[in-house]
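K.L.:
Based on these hints, arrange chain H on the given structure of chain L.
2 protein chains.
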Amino acid sequence: MLSIPMTPAEVRYRCRMGLLDRSTAGLALGYVQTNVVILPSTWAFEFLLFCQRNPKACPMLDVTDVGDPEPRQIAPGADLRTDLPRYQILQDGKWTEATDIRSIWREDLVGFLIGCSFSFENAMLNAGLPVRHIEVGRNVPMYRTHLTCVPTQRFSSPLVVSMRPLPHHQVVRAVEVTSRFQHAHGSPVQIGDPDSIGIQNLEAPDYGDPVPIYANEVPVFWACGVTTQTALLHANPEFAITHAPGHMFVSDLRDECLS
Amino acid sequence: MLSIPMTPAEVRYRCRMGLLDRSTAGLALGYVQTNVVILPSTWAFEFLLFCQRNPKACPMLDVTDVGDPEPRQIAPGADLRTDLPRYQILQDGKWTEATDIRSIWREDLVGFLIGCSFSFENAMLNAGLPVRHIEVGRNVPMYRTHLTCVPTQRFSSPLVVSMRPLPHHQVVRAVEVTSRFQHAHGSPVQIGDPDSIGIQNLEAPDYGDPVPIYANEVPVFWACGVTTQTALLHANPEFAITHAPGHMFVSDLRDECLS
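Just so you know, the sequences run in chain order L and H.
The first sequence lines up with residues 1 to 259 when you count with my numbering.
The second sequence lines up with residues 1 to 259 when you count with my numbering.
Isolated chain L (complex conformation) (with noise of 0.2 Å):
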């Protein structure tokens, strides 16, 4: 993916005048991205419990007060009905796609923004560490286990995971350098095993795209913010707004801000 020097505050006026509808991978490097979900205030306190209970998986970095679109920890001034390129709306059981749910707001709307892998893969790049993926220019692989989340009454999932294969010199360092960053998912689940976690098959993901394991690597787990897409489904509220799967908020936090 094409690296684009923008600030984070370009990309998101970009989204919001309807100039960018593509993924968020690549660009305003450096600078935090984050998952986005928006539900009503009845279903606010237990969503966050559900986090609360499983960060590693859903590491919240911003809320919202109820009704206001703004994330003022981590991007003052912006507007989360605008500054995502590309959403989708889950209403009456059906989920549709938007760029823009202005139209669509509501008063008793609560905003979460949660951490994401991007935010370590860049540290492990600058720790000349491969991400396998991003030199294949593929989506990460992503896995369903058998390890389970702390349920809440209405929000449970298995925990879903993120793998990156690591040659065995380099394995103690990814895990030193990932585990600085707890707000983005942090140190690794598991190291080795995929079949100890319940993955039978490392070349068919339950999500992404698989990619080459080389001789001598060691496929490496962490925990990923697809678990919190999964919870959101079992719970299956009335009406919930996510970013589209890649189509980032870019915050103002840097990287670095996470560690």
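Hint data in this document are derived by calculation from the structure and do not stem from the laboratory.
Backbone N, C-alpha and C fix where the C-beta goes; we use that ideal spot for every residue, glycine too.
Possibly wrong hints are sitting among the right ones.
Cβ pair distances, simulated, as ranges [what the hints assert, rightly or not]:
1) L:GLN200 x H:PRO245: 34 to 42 Å
2) L:VAL150 x H:ARG16: 46 to 54 Å
3) L:GLU176 x H:PRO245: 50 to 58 Å
4) L:PRO210 x H:GLY26: 53 to 61 Å
5) H:LEU19 x L:PRO245: 52 to 60 Å
6) H:ARG16 x L:THR96: 49 to 57 Å
7) L:PRO40 x H:ASN236: 43 to 51 Å
With a straight-line cut-off of 20 Å between C-alpha atoms, the simulated DMTMM-like cross-links for lysine to aspartate or glutamate are [to be verified]:
8) H:LYS56 x H:GLU176
9) L:LYS56 x H:GLU256
10) L:LYS56 x L:GLU256
11) L:LYS94 x L:GLU238
12) H:LYS56 x L:GLU256
13) L:LYS56 x L:ASP255
P.N.:
The following block gives chain H in isolation, referenced to the frame of chain L:
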């Protein structure tokens, strides 16, 4: 304070039986003790949001399901209604004390368990660093600062800090040791310049007791869980229960789990 070798479960059992009416300082050393706040569910989202926005002062370790008095993440089998030595109850604008809250428990209550500085103090002692108020047998000195927490609609508070004096040559080590405990207030918020955060007189703490600062020592300030209490007082809910000062909940988590 006398250190008595008991397991966390033994401490909680004695509380439950009415056999322990004292501060929990020094009990079940090495295990995480927590601040406790119990609120009606109508206040739950906003209180959790306040803590999410101010994690250094209010590190959330566990939140119970609505109506459930069992903190299942950090002490399975425990009961928040009986397992603390002493409670404070806010009802109709008045505070009272109790040693058991079974008779006033309600199906709409949510329990919040928040990290406290006992965890990093143990780590400091293990690292050979002085913890003055323990040496002199007093409560830690705490001060309101002119730093402000990120508010929610109803919760707001100045940041309250605790102070521990350290010899010049051990300040960096103290930062290193406490930084690891992100879920127990973590790294200091200020080193050596009380005036810069609005503290005029170290000998007159707003809470707790003053402690001596020796020659060549520097006052070091950490975010303090009392911030949660001042935010609660400001919001003034119609009903709330907290632990009594120093009479904490003793969990099954080991201190090292917070690092």
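K.L.:
Could you run down the list of hints and mark each one as holding or not?
P.N.:
Going through the hints against the structure:
no.	hint	result
1	L:GLN200 x H:PRO245: 34 to 42 Å	violated (54 Å)
2	L:VAL150 x H:ARG16: 46 to 54 Å	violated (25 Å)
3	L:GLU176 x H:PRO245: 50 to 58 Å	violated (40 Å)
4	L:PRO210 x H:GLY26: 53 to 61 Å	holds (55 Å)
5	H:LEU19 x L:PRO245: 52 to 60 Å	holds (56 Å)
6	H:ARG16 x L:THR96: 49 to 57 Å	holds (53 Å)
7	L:PRO40 x H:ASN236: 43 to 51 Å	violated (27 Å)
8	H:LYS56 x H:GLU176	holds (16 Å)
9	L:LYS56 x H:GLU256	holds (17 Å)
10	L:LYS56 x L:GLU256	holds (17 Å)
11	L:LYS94 x L:GLU238	holds (10 Å)
12	H:LYS56 x L:GLU256	holds (17 Å)
13	L:LYS56 x L:ASP255	holds (17 Å)
Going down the numbered hints, you'll see the structure goes against 1, 2, 3 and 7, while the others check out.
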